[in-house]
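Asker: Listed here are the chains, written in short residue letters.
There are 4 protein chains.
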Amino acid sequence: MSNKSVDAMTPQELAEACAHELYRRDNATRQAGMTLEAVEPGKSVVRMTVRDDMVQGHKTCHGGYMFALADSAFAFACNTYNEPTVAIGCTIDYVAPALLGDVLTATATERSRSGRTGNYDVDIHNQEGRLIAMFHGKSYKVRGQILEHAQASKQENSND
Amino acid sequence: MSNKSVDAMTPQELAEACAHELYRRDNATRQAGMTLEAVEPGKSVVRMTVRDDMVQGHKTCHGGYMFALADSAFAFACNTYNEPTVAIGCTIDYVAPALLGDVLTATATERSRSGRTGNYDVDIHNQEGRLIAMFHGKSYKVRGQILEHAQASKQENSND
Amino acid sequence: MSNKSVDAMTPQELAEACAHELYRRDNATRQAGMTLEAVEPGKSVVRMTVRDDMVQGHKTCHGGYMFALADSAFAFACNTYNEPTVAIGCTIDYVAPALLGDVLTATATERSRSGRTGNYDVDIHNQEGRLIAMFHGKSYKVRGQILEHAQASKQENSND
Amino acid sequence: MSNKSVDAMTPQELAEACAHELYRRDNATRQAGMTLEAVEPGKSVVRMTVRDDMVQGHKTCHGGYMFALADSAFAFACNTYNEPTVAIGCTIDYVAPALLGDVLTATATERSRSGRTGNYDVDIHNQEGRLIAMFHGKSYKVRGQILEHAQASKQENSND
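First to last, the sequence lines map onto chains A, B, C and D. So the first sequence is numbered by numbering that gives the first Met the number 0: it starts at 0 and just counts up by one. So the second sequence is numbered by numbering that gives the first Met the number 0: it starts at 0 and just counts up by one. So the third sequence is numbered by numbering that gives the first Met the number 0: it starts at 0 and just counts up by one. So the fourth sequence is numbered by numbering that gives the first Met the number 0: it starts at 0 and just counts up by one.
None of these hints come from the bench; they were simulated from the model. Here the structure is a predicted model, which means the values were calculated and not measured. Do not rely on the hints blindly, as some may be mistaken.
Pairs involving identical chains hold if they fit within one copy or between any two copies, as the list cannot separate such chains.
Straight-line C-alpha distance at most 16 Å; calculated EDC-like pairs for lysine to aspartate or glutamate [as the list claims (entries may be wrong)]:
#1 140 - 82
#2 42 - 82
#3 58 - 25
#4 58 - 20
#5 3 - 127
#6 3 - 20
#7 3 - 15
#8 140 - 109
#9 3 - 147
#10 3 - 120
Isolated chain A, as found in the complex (with noise of 0.2 Å):
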């Protein structure tokens, strides 16, 4: 990742410093496998394969765990701005069971975003492609800046 100022970079540059941030705060994100693919302005990809710990019964992914993959990559989504955001309320509709072993991509993609909201829409598809589940999630913006802190401790880090 750059060690430029968040004042000099492009927006593509601050969508991935800003993504790939939150990613390392994120434990759950992380912990749950998903890797983050792809983040531009407004949109993400993120991947998660169906573990053993994440099936109910019949051997389908639990809801919650779908839910997290989208909610993951409409959080790189949102906050791709340096302005932090945090969800106030989503939507989940089931389309397809996913299964053990099923390699989940979600993909986020703004749909607007003005004053301090913003809605975005998540498509999760399998690796055959087929459509397994749609998410729409709103974005309030609060106060403070993402890469605040990280730039903060790489100054001190570039000190050593």
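Add chains B, C and D to chain A, keeping to what the hints say.
Answerer: Frame of chain A; chains B, C and D shown alone:
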């Protein structure tokens, strides 16, 4: 748990037998440390402590785990009639953050049930009784029975 | 309605003054024949009879009119503090059909309110007390005051 | 409209015949001045001009009428297969206000359809192409046929 046949159970016994059978099969719910505190026809109470692997930045619980808790309570509540149901759509609204170590209690209540579909509300409160999130789940009845296989395997075991 | 200044009103007087001002301005609600039955801080009850111009095939009420009824009850409930709020997202779940001539009562209840956003539940029942639909609305506080203009115009009138 | 029997229709002819039959029966949609601009299997486009009886304070369109527009587009799209379906749950997210005189276009797209349920997205844009609201509807197939009665009555008429 009772060795009664399904037909001889009261609605309350049936609700408990179904919930315990689902819990037994459900890796995801057990591995998240959720405990089933109470169940009755159309209702359930499920508890979860926010662990280190469930938090994201700022030590707040990942939305996916709050969703998973509510989703499990919903599943126990809508599967109390020995008719297997699945979620077809859910919404969650976040009211206040849940923090590392918080003990979250999800209370699921049936709002309607007719034909193949049902509607359930789930409220999540923390250990101080503060409302953390509100969840709504829509259920859809599929074929089969929940306890069929379980009863069969018990009979096999009793032959040992 | 009271001629008291806004500052001198009790919360209940303020809730009533806001609701009546909103009702006065709201062509859509009035022309659908909705009546405001009760209001208090964070709560409202609104009633509507299903008319011939609200039905679709099979003489059932168009979902849009059931939504409009719930949405109006939501608006009255979240605008009881003299702080103008708008809806940013709503959900509705249909439980039973409403028929031509049915008298529908929507009861709105505040579930949370903090910062700029709030969450409100609205249940619609028919004249027999049967649950017809469940609505959830998320509010967002915008700038200004509800009664500001109203009070100004009253003062002008009182100069006559 | 075609005098063909239902069995002889192409999917496109069937979609058009179903939509026109629904439109004919639907007082609420017609009286709101909505026009059906296009229909094909799983899709529809519906248009509505914001009238004086649809606005609330500040001359903005009441959320109920935006919902009704989206809901009608959803109904036309999910009823294109001669299998009657009803809405069981819907969500709407408001992005920008619609004003008195605005011409709103709702475009409904099928996202999934299997078993008895389906999922449809509807976007509402204004005359300048700006996104105004996003709607999601879940459909449920009920018994019967849409064109059955219509065809029967046509046959009766053709005997005159």
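Asker: Have a look at residue 3 and residue 127 and pick one of within, between, both or neither, based on CA distance no larger than 16 Å.
Answerer: Neither: 39 Å inside a chain and 39 Å across chains, both beyond 16 Å.
Asker: Within, between, both or neither: how does the pair residue 140, residue 82 come out at a Cα-Cα threshold of 16 Å?
Answerer: within (7 Å within a copy, 20 Å between copies)
Asker: Checking residue 3 and residue 147: alpha-carbon separation at most 16 Å within a copy, between copies, both or neither?
Answerer: within (13 Å within a copy, 49 Å between copies)
Asker: What label fits residue 58 with residue 25 when the C-alpha limit is 16 Å: within, between, both, or neither?
Answerer: Answer is between; shortest inter-copy Cα gap is 9 Å, intra-copy 27 Å.
Asker: Indicate which option fits the pair residue 3, residue 20 if close means a Cα-Cα distance not exceeding 16 Å: within, between, both or neither.
Answerer: within (14 Å within a copy, 54 Å between copies)
Asker: Which holds for residue 58 with residue 20 at a C-alpha limit of 16 Å: within a copy, between copies, both or neither?
Answerer: between (34 Å within a copy, 15 Å between copies)
Asker: Between the shortest in-copy and the shortest cross-copy C-alpha distance, which are at most 16 Å for residue 140 and residue 109: within, between, both, or neither?
Answerer: Only inside one copy: residue 140 and residue 109 sit 14 Å apart there, 23 Å across copies, limit 16 Å.
Asker: Given a CA cutoff of 16 Å, do residue 3 and residue 120 count as a within-copy pair, a between-copy pair, both, or neither?
Answerer: Neither way: residue 3 and residue 120 sit 31 Å apart in one copy and 41 Å across, limit 16 Å.
Asker: Check residue 3 against residue 15 for me: Cα-Cα at most 16 Å, and say if that holds within a copy, between copies, both or neither.
Answerer: For residue 3 and residue 15, the Cα distance is within 16 Å only inside one copy (12 Å; across copies 56 Å).
Asker: At 16 Å max between alpha carbons, let me know whether residue 42 reaches residue 82 within a copy, between copies, both or neither.
Answerer: So residue 42 and residue 82 pass the 16 Å test inside one copy only (15 Å; across, 34 Å).
Taken one by one, the earlier hints fail for this structure at numbers 5 and 10, listed in ascending order.
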